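Let's have the full structure, built from the sequences with the hints guiding it.
Protein sequence lines, in the order shown, are assigned to chains A and B.
Numbering-wise (our numbering), the first sequence opens with residue 4 and increments by one.
Numbering-wise (our numbering), the second sequence opens with residue 1423 and increments by one.
These aren't lab readings, by the way, just hints derived from the structure by calculation.
All of these numbers come straight from a predicted model, not from anything done at the bench.
Any given hint could turn out to be false.
[Unchecked claim] Per the computed footprint, the stretches of chain A lying under chain B, defined by three or more beta-carbons under 8 Å from a beta-carbon of chain B, are:
#, stretch
1, 72-84
2, 97-105
3, 292-303
4, 306-317
[Claimed, not checked] One-sided and incomplete, this derived list gives chain B residues near chain A with beta-carbon spacing under 7 Å:
#, residue
5, Glu1428
6, Val1465
7, Thr1467
8, Pro1488
9, Ala1491
[To be verified] In silico DSS-like pairs for lysine-lysine, Cα to Cα no more than 25 Å straight-line:
#, chain 1, residue 1, chain 2, residue 2
10, A, Lys290, B, Lys1427
11, B, Lys1427, A, Lys312
12, B, Lys1427, A, Lys288
13, B, Lys1427, A, Lys311
14, A, Lys308, A, Lys319
15, A, Lys312, B, Lys1481
16, B, Lys1445, A, Lys26
17, A, Lys159, B, Lys1445
18, B, Lys1445, A, Lys311
19, A, Lys109, A, Lys218
20, B, Lys1481, A, Lys35
21, A, Lys308, B, Lys1427
Virtual Cβ for every residue (Gly too), placed ideally from N, Cα, C.
Here's the letter readout for the chains.
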Amino acid sequence: MGPQQLLEKFNARIEQDIRIEPKDWMPDDYRKTLIRQISQHAHSEIVGMLPEANWITRAPSLKRKAILLAKVQDEAGHGLYLYCAAETLNISRETMIEQLLSGQAKYSSIFNYPTISWADMGAIGWLVDGAAIMNQVPLCRASYGPYARGMVRICKEESFHQRQGYEILLTLCRGSKEQKAMAQDALNRWWWPSLMMFGPNDDQSPHTAQSMKWKIKRFSNDELRQKFVDICKQQADILGITIPDPDLKWNDERGHYDFGEINWGEFWNVVNGNGPCNKERLAAKIKAHEDGAWVREAALVFAAKQKKKNSDKEVKLETV
Amino acid sequence: MDQKKEEPLWEVFIRSRQGLEHKHAGSLHAADAQMAIENARDVYTRRMEGVSIWVVESKYIHATNPDEAESFFEPANDKIYRHPTFYDLPDELKYM
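This is how it looks when you write it as structure tokens:
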């Protein structure tokens, strides 16, 4: 089949919602876009463990500690599902890790904000995981099979993350005045960065149109952000805390909430490496990678030794 | 790490319930089969998704070529008489 025919066949599949699988022919740019998006997504899961791991030893009860541990373990699992999905596109795990550690690859900017109080564990679950779910549910129908299948698994597990976060805030909001103030403070700090998680406005998002044509993305950044704002308002009301946006109000005509302008200067500043925790996060990942080097090495040596032992045994058996 | 040795890739198959078949769940890296099984438990069965795990090194899997799939599976296309609905039988006929 000639290149033109291959492209036509690929486009027809996308058109008919037939998934693309690893060994199928695909345009180079489709492959590159997927590698970028899936590896960024994997890195986000892995770096995303850090802000929460910060509170594991100081969780207020054994129950909360167990829940937080399970959640952080899930993030590790999600990172692994996604690295494996990216690897089916012919990029090695080592290359992706190198790109993360060298700062060449990006991860979600939200994880460059600090987690300074226990209420932040609630706000991350409710808002950060909530925004992630909003992004991820449509990705379960992404045109690339391994990505879509990974996302199905992730979305199933992510639901507990959001609910446990909301429950943390609910508990604080029903507690003392000081506890409720902690919840409000966390909402104040996490609200805007959460809205930024959906990425730049549609007219500033260079990849969106092509990704939607390829059915990797199903909704634009602004569509998803609007959906998120619409559902969060009521959820904040149930908690009895206030979203820190004076422009947030119901627009009857649009059937949506209007909301204030996002500080895009701050967004790009964090994306470009100057957020409050960019350096700390990367340093923690590099340290973990270096400290773990001997474990990876030992595992390989152990495996080689076992293999040799077993083959020696076989030889002996044969000669008996 | 200066050594560029990678742990091999393994495909993971999980039996979700006794009586059901093992189904492909995903893949992972591990130094050997034992570690692959232990990693598979942690990565793919955190919520009781499995009662049995198979792992096989990915390099041992042989597969059909997607470019030749059409001609490869073509022989089945024109044999509709392999399906019970191909046979036109009287309505009065019961239990068949």
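Hints versus structure:
{"no.": "1", "hint": "72-84", "in the structure": "holds (count 6)"}
{"no.": "2", "hint": "97-105", "in the structure": "violated (count 1)"}
{"no.": "3", "hint": "292-303", "in the structure": "holds (count 7)"}
{"no.": "4", "hint": "306-317", "in the structure": "holds (count 3)"}
{"no.": "5", "hint": "Glu1428", "in the structure": "holds (6 Å)"}
{"no.": "6", "hint": "Val1465", "in the structure": "holds (5 Å)"}
{"no.": "7", "hint": "Thr1467", "in the structure": "violated (10 Å)"}
{"no.": "8", "hint": "Pro1488", "in the structure": "holds (5 Å)"}
{"no.": "9", "hint": "Ala1491", "in the structure": "violated (9 Å)"}
{"no.": "10", "hint": "Lys290(A) with Lys1427(B)", "in the structure": "holds (19 Å)"}
{"no.": "11", "hint": "Lys1427(B) with Lys312(A)", "in the structure": "holds (21 Å)"}
{"no.": "12", "hint": "Lys1427(B) with Lys288(A)", "in the structure": "holds (20 Å)"}
{"no.": "13", "hint": "Lys1427(B) with Lys311(A)", "in the structure": "holds (18 Å)"}
{"no.": "14", "hint": "Lys308(A) with Lys319(A)", "in the structure": "holds (17 Å)"}
{"no.": "15", "hint": "Lys312(A) with Lys1481(B)", "in the structure": "holds (22 Å)"}
{"no.": "16", "hint": "Lys1445(B) with Lys26(A)", "in the structure": "holds (20 Å)"}
{"no.": "17", "hint": "Lys159(A) with Lys1445(B)", "in the structure": "holds (18 Å)"}
{"no.": "18", "hint": "Lys1445(B) with Lys311(A)", "in the structure": "violated (31 Å)"}
{"no.": "19", "hint": "Lys109(A) with Lys218(A)", "in the structure": "holds (22 Å)"}
{"no.": "20", "hint": "Lys1481(B) with Lys35(A)", "in the structure": "holds (24 Å)"}
{"no.": "21", "hint": "Lys308(A) with Lys1427(B)", "in the structure": "holds (15 Å)"}
Hint compliance for this structure: hints 2, 7, 9 and 18 are not met, and every other hint is.
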